[in-house]
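Enquirer: Under this note's numbering, think of the first position of the sequence shown as 265, with each following residue one higher.
These are computed hints drawn from the structure, not numbers from a lab.
Watch out, some of these pointers could steer you wrong.
Okay, the calculated beta carbon distance ranges per label pair [stated by the list, open to error]:
| no. | residue 1 | residue 2 | range |
| --- | --- | --- | --- |
| 1 | N401 | R477 | 36 to 46 Å |
| 2 | H446 | E389 | 36 to 46 Å |
| 3 | Y351 | E458 | 11 to 21 Å |
Using N, Cα and C, we set each Cβ at its ideal position, and we do this for glycine too.
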Amino acid sequence: MRKTTAKKSRSTGKEANRGFKFDIGDSVESVQRSIENHLKYTLGRDRETASMHEWWISTSLAVRDRILERMIRTQAAHHHGNVRRVYYLSLEYLMGRLLVNNLINTGIYDQTRQALANLGLDFEEVAEESPDMALGNGGLGRLAACFLDSLATLDLPAIGYGIRYEFGIFRQEFVNGYQVEHPDEWARFGTPWEIVRPDYTQEVKLYGRVETRFDEYGNPTPAWVDTKTVLGVP
């Protein structure tokens with residue numbers, strides 16, 4: 265009796281795992297399989313109860329898989345060739361909605377549309393769930409985003425560095441004919457495009473003042489005091 269139960273359990277496990285296959289191909293079937301895998305194995309949801317937001321996350325993660333594969337290969341090639349890199353620093357980045365942009369850049373836009381259609385979903389409705397990351401207030405942020413796009417298009421090794429703001433510019437609403445601004449919580453539910461690396465957390469000191477002190481030999485040693493310390497998590 266025990267042998268039968270164990271054998272049945274192993275068989276059931278094999279059947280349960282038979283449907284999973286990690287696939288980062290560019291075909292419609294591969295993209296569809298990736299979306300379904302992330303919905304089930306990353307989010308723990310099934311097709312019948314998944315919300316449109318969860319379909320967007322699953323689709324974005326499927327695209328991110330392919331981006332990461334290319335990114336790691338590119339970084340390995342750069343490391344092997346000891347290439348020089350461009351590091352672009354900006355306080356603002358107006359990247360827009362990333363899903364459609366990344367689909368076009370990875371060359372799987374049409375395949376993803378068809379994959380979602382095969383799953384009974386409307387592509388525009390899924391893409392509409394993508395937040396507009398308004399992490400800037402004007403031309404500087406848009407220019408920074410355009411620079412990164414151009415660097416990537418020209419195959420130049422470059423990385424953009426900035427600040428991951430908790431809020432965007434603002435969320436606009438009209439009440440009795442007047443504009444009312446609300447905080448733009450663009451990532452209140454998280455974002456599938458981030459990879460958080462807490463092991464690289466750094467202390468960042470803000471504010472404070474410089475105080476002149478002297479060491480044991482009478483030499484002046486300026487000290488930064490009365491600061492506020494925040495943690496920078498890449």
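Enquirer: Would you mind marking each hint as holding or not holding in the structure?
Expert: Evaluation of the provided hints:
The hinted window of 36 to 46 Å between N401 and R477 holds, with their beta carbons roughly 40 Å apart. In this structure the supplied range 36 to 46 Å is violated for H446 paired with E389, their Cβ-Cβ distance being about 24 Å. As the Cβ distance of Y351 to E458 is approximately 20 Å, the hint placing it in 11 to 21 Å holds.
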